[in-house]
Amino acid sequence: MAKIKSLDDLRVMKESFQSKINLREKGENPGSHVQIKVAMATCGIASGAKTVMEFMMEELEKRGIESVVTQTGCMGYCYAEPTIEVKLPGQEPVVFGYVDTKKADEIIEKYIKNGELVEGIIPMNYETIDN
Amino acid sequence: MSHIKVELKQEQVAKLKEICKSFDNEAGELINVLHKTQETFGYLPAEVQEVIARELNISVAKVYGVVTFYSFFTMIPKGKHPISICTGTACYVRGAEKVLDEFKRILDVKVGETSPDGKFSLSCLRCVGACGLAPVVSVGEKIYGRVSPDGVKDILKEYE
Amino acid sequence: MHLLVCGGTGCRASASDSIIEKFKTEIAAKGLENDVQVILTGCFGFCEKGPIVKVLPDNTFYTQVKPEDVAEIVAEHVIKGRKVNRLLYIDPTNQEKISDAKHMGFYRKQIRIALRNCGVINPENVDEYIARDGYHAIGKVLKEYTPAQTIDIIKKSGLRGRGGGGFPTGLKWEIASKNAADQKYVVCNADEGDPGAFMDRSVLEGDPHSVLEAMAICGYCIGATQGVIYIRAEYPLAITRLKIAIKQAREYGLLGKDIMGSGFDFDITLRYGAGAFVCGEETSLIHSMEGLRGEPTNKPPFPAESGYLGKPTNVNNVETFASVPVIILKGADWFSSIGTEKSKGTKVFALAGKINNVGLIEVPMGTTLREVIFEIGGGIKNGKKFKAAQTGGPSGGCLTEKHLDTPIDFDNLIAAGSMMGSGGMIVMDEDDCMVSIAKFFLEFTVEESCGKCAPCRIGNKRLYEILERITNGEGTMEELERLRNLSLVIKDTSLCGLGQTSPNPVLSTMDNFYNEYLAHVNDKKCPAGQCKSLMKYVVEPEACVGCTACARNCPVNAISGERKKPHLIDTAICIKCGACIEKCKFNAISIK
Amino acid sequence: METIKLTIDNKPVEVPAGTSVYQAAKNLGIDIPVLCYMNLHDLGIENKPAGCRICVVEVEGRRNLAPSCSTTCANGMVVKTHTTRVINARRTVMELILSDHPKDCLTCPKSGSCDLQNMAVKMGVRNIPGQAYAEMSTYKTDFSPSIIRDMDKCIMCRRCETMCNDFQTVGALSGVNRGFMAVVAPAFEQDLEKSPCTYCGQCVAVCPTGALTEVDHTPKVIRALADPTKTVLVQTAPAVRAALGEEFGLEPGTRVTGKMVAALRQIGFDFIFDTDFAADLTIMEEGTELLTRLGKHLSGDKTVKLPMLTSCCPGWVQFFEHNYSDMLDVPSTAKSPQQMFGAIAKSYFAEKLGKKREDLVVVSVMPCLAKKYECQRDEFKVDGNPDVDYSISTRELAHLIKEFNIGFNELADEDFDRPLGESTGAGVIFGATGGVIEAATRTAYELHTGKTLKNVEFTALRGMEGIRSATVDFDGLPINIGIAHGLGNARKLLDLVRTGKTNYHAIEIMACPGGCIGGGGQPLHHGDTSVLKARTKAIYSEDTNKVIRKSHENPYIIKLYEEFLGKPMSHKAHELLHTHYFDKSSKDIFI
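Chains as they are written, first to last, in numbering that gives the first Met the number 0: chain A, 0 to 130; chain B, 0 to 159; chain C, 0 to 591; chain D, 0 to 590.
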């Protein structure tokens, strides 16, 4: 990995990472991916988030859905673990709670494939500061 | 203090020395050394502490003083399936005590003890940070959430 | 179109099930099943105004919806596209009706600063952190500010230590910066030992780089090249992620020699705690880092003069550090615009206990307890009555109904007899006995006292013994008096923060729930019905049909009686486990 | 020097920067009670855990009460030492400490000299609230050959831990466990016997309560005295006479040799002898050994090890057996004076009396607790019968005198019996650090050079510094001498020797601060190290008052060699007066 030699270096890097992520998230090109984040903090993992994440990765590939599944930290909804956030191209992200493999299957089939919401949505209730 | 005589094998002593060496035999690294040793041996019997004391050039009494200060360290071998009940506040207000009582009753051991067959050991810990799942019980690596006293025997059944 | 109906416990209690049913029949009747979906969701947190129905995609937020309103919503909103005005949320500040939920102040109840990246980025990928301006703060500081200027920004921001005492962070850095030494240390206290608190763990698991970056900034400010994170061994995931983060930061040259060409060196190592709550106290933590028993020493000298290995050392906790990079990037004024006069910014709380939405929240300082519990936390579980919220863990105290509208900040909490602590907030309901809660915390303190000073070592044990007598119905008024005096002396004379705060749960429950203490002492009754010794299980003869279910299920054979005749519980044998009550189908067993 | 101005109890006071509030108050005559705090200023040891919280005071502007022992004075500080808040806190804390302390004061060995008891008296504690149900922290009592650990009485002042680790570097003790069960103990809470303890007794010397006390040999002594079939001999070590008076209210440094002898005679010992005699004997053997080793070394014999280390101190012997097992051939093989005395008493003197050794009981009075252990070592027994049967400390002798209704201060001086009671000034100075090596120098010089010393006082070898070095001119041959007292200092010196880079010829080591006068069996100094200096002075003035001041001039020593031993280092002398050492480096393997 190349060392970052200056703040300007860092800024350039940021731009490139950001545009990569934007491409993925904002769905600026038509063939963009579904992005799924799985909350993988201790409470999530304790509730089975790992299984859900593996299931998601395998099944989405099997079912031919272009997607990126990544892990992230605690979203704050510890009571509803495991939680996952699904972002369809061009849409607001939606968080689902109490996700097990059955629920994950339903999410893939209904929401990801058809845009139909399924039960278990966790309403987002905070503002995150963006820089 | 009850003691179970443990004879360290040559290779175990060598392993211990290797652990100490990996921390440059620094006295200040004692806690890290103890962590690594407990990870390797499962517990910290007296003989192990003696080797560590010698390698790090500190008195055995001081090593023992540190071992007995931190609740993470144990001189008693854990059971094959170590059971820990979270008694953090969130778990407490959601009934962890009753769950603990049930474990004690069924296994007939006290907290900190290992069942005679060596299968289960019972301990309490303070908050694993999974308060959303309170009360929480862990058996080995596996975490059980929202455990009720009734659920205790089902958990134990998994390890029959 | 989607109709989201809140399925949180609070809303369920107020008929969200039948609202869903109604929606479904109504929509079927109109033949709209293919266009409109009705979805049960998790809790919106806004239970005070429940049940909630949210309409997507236009983001309409209906509050206090009743089953009778369903037909109107379908007819007006779904079919005609006209919002049902009377059900819209009314902004309490200006009495305006809000039609788009995005404009609801409710969403501003939580602002995530320390948690800004948690649940957003992949914590194991430094690129994602950089994409969200990661390491820009240290870059900016190294390029544009002197250490003194940077300290000034932190001072101006009003940031106070999130670990407990609330000491001004900038001032702390300034003191450490002024003590000359050949080596200094930056220590991150991640030994979150407060039972029921998991803020630090969440930050480290979700956004480890922000802590690394802040430690480097601190190092630059005070003149340290070495940072140490002291972390609980019980947090393996956080440790793994920190290790990955440190490795990645080193690879990019964001830690190590000559960071970003500035000539500034800084690196970070990890030290593990081993299960000692007292190590949250700075001096204990430092001794523990040195491989010793984690016993505190008298302050002064403060770590800023003589800390780790006798060198000037600055200790801050995880959340404090996590707030630093944003302050640098967005400015002191921005940060100090959030919060109250003396407590700036936000505070993360781990909300747990008898509350519906157990979770991690971050609110501006000054948010009221009511907002936290009833608007974010989703109210009390099972529709029970709120009794108290315990903040500050074993060092803190209880906030009660009368504190519901007190703005939460450092000073108000202390005035209310509690403290901010690290941010654990445990909610209790009417079933919780406050004497038992005090006893629970004392049990913790007794176990966690290091034993170095007499008041804490012996005094807390004595407090516990008195509380045990009270909960056993053996307490006397004289002992209640002693409980208070002992508590005050322990606070006044103990060596470190642990002992100086350990009686707080006792004093606070005595202040707020003295009647409960009196009931235990004088009437030998536990009003919450939690103290076993003060309870008696009795069979109500009129209700008992003699089914023998209770007798068969009693683990100690305390119940006798003939079939089809009323049974009897031998209170001398009964262990009050409650098995009989659970098995009795006729409600014939009661607790007296 | 910068000075600080503050007020304590409304009185202004000016102190040097860095002074504690406790000390500043003391300067004003305000006696703030302290329990855990101990300042052994002359030894560079300060025990300041700030743990007992008895010394708390109110400092204006501070939220909590401050421990005066570890709060440094600051300009403008306003301190109050006896407000209601302070008094209530102090008394409550005292009640707490007492609530976790056994109430068997009546039969406690420390009764009367217990700091905790005195403090309770001072505060007028009349009852301990909640005593009926207050749980106590209890531990197994540990009986070692020298020291009894009754940790139920421990108040966690940590003084013993400080002495054992910081001063002595023995490392037998550490704070263990946590919270209510926290206590000071050897590793694995095993007995001292299984630890690297040297029995130096410095832990006992500083313990404020009855948690650490000596093993009491006086009942056995009384039984022996009452047994008509036994002839009971007593030997008294040099340091005893310089301190015993303190137990009877006399000024530290009062020499009570004559009274002590009189008292022992009244108690009923058959012969009152002097360990000083054996000290002279030690010099004959050790001095000769030194000259022999030196001679061989100078003639190029590389198998001979130098420096030679003294071996009189049993704590020190135990220490090097544990820690310097690679250097077991370095110390002199000469037994300690106590054991030389026993060996001679039960051979030479028994023969003179015409009695069997089993019929003789040899009692020693020592400033030392390790001597109790030493006399029980197997190599100092013949067919199971020890050369020295019982060893009592200076404190135990005082108890014995009191128990025997003897008005000590009124006693007229009496003399030791002959032949084993005659000694020289050289024997006396064994009691102070540097004394053994000075005594050896007096003899070795004259034997080596054949000249008579003009001045027998080698002041360069004296003093309280922990490690000292001096070169003595043996008529053109410079002899390099090292001295250490306190095992921590000994360790420093020994580690240097181990590197092979030193050029010492002889080194004297004493385990206790100031040498035997600061022994673990002496009257308690209660943290006042000026007592040690006074005792040292007494020792040297005893020397000055002696007619004969060189061991080889002791007529009874000369006679002993003539009649019995032949000459120093003879075969017989070897058999009776020399010993060997054991590798105990693996003994700290427990279980």
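Rather than coming from a laboratory, the hints here were simulated on the basis of the structure. Be careful, since some hints might not be right.
Said to hold, decoys possible - Ranges between beta-carbon positions, derived for each pair:
| id | chain 1 | residue 1 | chain 2 | residue 2 | range |
| --- | --- | --- | --- | --- | --- |
| 1 | D | THR106 | B | LYS14 | 45 to 55 Å |
| 2 | A | LEU87 | C | LYS142 | 32 to 42 Å |
| 3 | C | LYS582 | D | ARG125 | 28 to 38 Å |
| 4 | C | SER335 | D | ASN74 | 30 to 40 Å |
| 5 | C | ASP430 | A | LYS109 | 34 to 44 Å |
| 6 | C | LYS582 | A | GLU57 | 17 to 27 Å |
| 7 | C | ASN556 | B | ASP116 | 43 to 53 Å |
A quick note: this is a predicted structure, and the numbers were derived from the prediction, not measured. Backbone N, C-alpha and C fix where the C-beta goes; we use that ideal spot for every residue, glycine too.
Comparing the hints with the structure gives:
Between THR106(D) and LYS14(B) the CB atoms are about 51 Å apart, so this pair conforms to the stated range of 45 to 55 Å. In this structure the supplied range 32 to 42 Å holds for LEU87(A) paired with LYS142(C), their Cβ-Cβ distance being about 40 Å. At roughly 55 Å, the beta-carbon separation of LYS582(C) and ARG125(D) lies outside the given 28 to 38 Å, and the hint is violated. The beta-carbon spacing between SER335(C) and ASN74(D), approximately 34 Å, falls within the hinted interval of 30 to 40 Å.
Distance hint check for ASP430(C) and LYS109(A): the Cβ-Cβ separation is about 40 Å, which falls inside the suggested range of 34 to 44 Å. Remark: the range hint 17 to 27 Å for LYS582(C) to GLU57(A) is contradicted by a beta-carbon distance near 45 Å. Taking 43 to 53 Å as the suggested C-beta distance range, the pair ASN556(C) and ASP116(B) does not conform, at roughly 27 Å.
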